[in-house]
Amino acid sequence: MDVIFQTWPWYVSGFLIGVVMLLLIYFGKNFGMSTNLQSLCAMTGLGKRIEYFDFDWRANRWNFVVVLGAMAGGFVAVHFMGDPSNVTINPKTIVQLSQMGIEAPNGKLMPSALFGDQIWQSPKSILILLIGGVLIGFGTRYAGGCTSGHAISGLSNLQLPSLKAVIGFFIGGLIMAHFLLPLIF
Amino acid sequence: MNVLKYFLVGFLFGIVLTKSEAVSWYRIYEMFQFQSFHMYGIIGIAVATGIVGIQVIKRKNIRDINGLPIEILEKPLGSFRYLIGGISFGLGWALVGSCPGPIFILIGAGFFPVIIVLIGALIGTMIYGALKNKLPH
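Residue numbers (this note's numbering), protein chains in the order written: chain C, 86 to 270; chain H, 31 to 167.
To be clear, the hints were calculated from the coordinates, so they are not data collected in a lab. Mixed in with the good hints, there may be bad ones.
[What the hints assert, rightly or not] Straight-line alpha carbon distances no greater than 35 angstroms define the calculated DSBU-like cross-link-like pairs of lysine-lysine that follow:
| hint | chain 1 | residue 1 | chain 2 | residue 2 |
| --- | --- | --- | --- | --- |
| 1 | C | Lys209 | H | Lys162 |
| 2 | H | Lys90 | H | Lys164 |
| 3 | H | Lys35 | C | Lys209 |
[Claimed, not checked] So these bits of chain C aren't anywhere near chain H, every CB distance computed over 10 angstroms:
| hint | residue |
| --- | --- |
| 4 | Met86 |
| 5 | Asp87 |
| 6 | Gln123 |
| 7 | Gly130 |
| 8 | Trp142 |
| 9 | Arg143 |
| 10 | Ala144 |
| 11 | Gln184 |
| 12 | Asp202 |
| 13 | Lys209 |
| 14 | Gly217 |
[To be verified] A few chain H residues facing chain C, derived, Cβ under 10 angstroms:
| hint | residue |
| --- | --- |
| 15 | Ala52 |
| 16 | Met69 |
| 17 | Ile72 |
| 18 | Ile75 |
| 19 | Gly116 |
| 20 | Trp123 |
| 21 | Phe134 |
| 22 | Gly138 |
Everything numeric in this text was worked out from a predicted model, so none of it was measured. Glycine included, C-beta positions come from ideal geometry on N, C-alpha and C.
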């Protein structure tokens with residue numbers, strides 16, 4: 086049973102993510118999480134003012150159900166399937182993080198420095214999360230997909246546009262991780 | 031079963047992303063520092079599984095659950111939108127450590143500060159929607 090509670094190996098996890106995508110294709114749908122952002126905006130009636138949101142979001146309700154399932158899966162995995170050995174990252178990474186004032190994981194998925202309850206009292210922390218979200222939302226809709234739509238679905242279907250998007254993801258990610266994060270923290 | 035099957039696929043997705051720690055800010059940081067193979071392995075195997083699966087679907091003309099032919103969407107041609115949109119996405123991904131799937135998974139798991147990331151992502155989506163016709167694609 087221990088294997089269930091420990092960190093799942095990359096080859097098992099990667100295979101299962103591929104299976105999730107293929108199952109959705111078999112159901113006649115496609116694997117794309119960021120489409121839900123567009124549907125959520127459309128739900129509020131923004132379609133009356135902005136053409137991009139003027140579509141029948143009800144046709145994407147199945148994707149909201151996938152999201153609800155994913156949220157339930159996250160809840161079960163965090164509350165009933167955790168183990169102190171989780172999130173064993175590279176010791177070098179831990180040293181780098183401590184220089185930025187971010188604590189070692191010690192089994193936790195998320196650093197308290199960014200996601201602890203104290204952030205509600207810190208305008209800077211709230212702004213960081215908000216700006217991160219804006220960059221993600223704007224970027225994924227401009228590029229027409231995120232990690233699921235481009236990196237997994239698009240590359241699996243050998244789409245050149247998806248390769249360009251993934252290259253963009255990594256250019257942005259590397260700039261943030263190497264140059265901007267040390268300035269922010 | 032009609033609705034349940036989507037819930038179950040989502041449930042599997044949520045468990046796998048959490049137990050593989052792909053939802054973890056730490057794993058994303060470690061990936062962008064090239065200090066672990068873990069995330070590259072996950073994405074690589076997911077894509078390899080997907081390539082094989084899609085080739086089988088195409089060559090055997092496999093039909094979907096309703097007996098209809100499977101059509102896999104092709105992405106529109108272009109470069110600018112993919113690179114610039116991709117860079118914006120990557121900046122956000124490395125800052126808050128979560129892409130859209132994990133944003134929902136983490137909120138479900140009880141990491142409520144991630145709700146701020148979701149609000150930001152919805153604002154970003156609205157900004158794109160409002161500017162769409164003015165942006166080069």
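Each hint tested on the structure:
{"no.": "1", "hint": "C/Lys209 x H/Lys162", "in the structure": "holds (29 angstroms)"}
{"no.": "2", "hint": "H/Lys90 x H/Lys164", "in the structure": "violated (43 angstroms)"}
{"no.": "3", "hint": "H/Lys35 x C/Lys209", "in the structure": "violated (41 angstroms)"}
{"no.": "4", "hint": "Met86", "in the structure": "holds (13 angstroms)"}
{"no.": "5", "hint": "Asp87", "in the structure": "holds (13 angstroms)"}
{"no.": "6", "hint": "Gln123", "in the structure": "violated (6 angstroms)"}
{"no.": "7", "hint": "Gly130", "in the structure": "holds (12 angstroms)"}
{"no.": "8", "hint": "Trp142", "in the structure": "holds (13 angstroms)"}
{"no.": "9", "hint": "Arg143", "in the structure": "holds (13 angstroms)"}
{"no.": "10", "hint": "Ala144", "in the structure": "holds (13 angstroms)"}
{"no.": "11", "hint": "Gln184", "in the structure": "holds (12 angstroms)"}
{"no.": "12", "hint": "Asp202", "in the structure": "violated (8 angstroms)"}
{"no.": "13", "hint": "Lys209", "in the structure": "holds (12 angstroms)"}
{"no.": "14", "hint": "Gly217", "in the structure": "violated (3 angstroms)"}
{"no.": "15", "hint": "Ala52", "in the structure": "holds (7 angstroms)"}
{"no.": "16", "hint": "Met69", "in the structure": "holds (8 angstroms)"}
{"no.": "17", "hint": "Ile72", "in the structure": "holds (4 angstroms)"}
{"no.": "18", "hint": "Ile75", "in the structure": "holds (3 angstroms)"}
{"no.": "19", "hint": "Gly116", "in the structure": "holds (2 angstroms)"}
{"no.": "20", "hint": "Trp123", "in the structure": "holds (6 angstroms)"}
{"no.": "21", "hint": "Phe134", "in the structure": "holds (5 angstroms)"}
{"no.": "22", "hint": "Gly138", "in the structure": "holds (2 angstroms)"}
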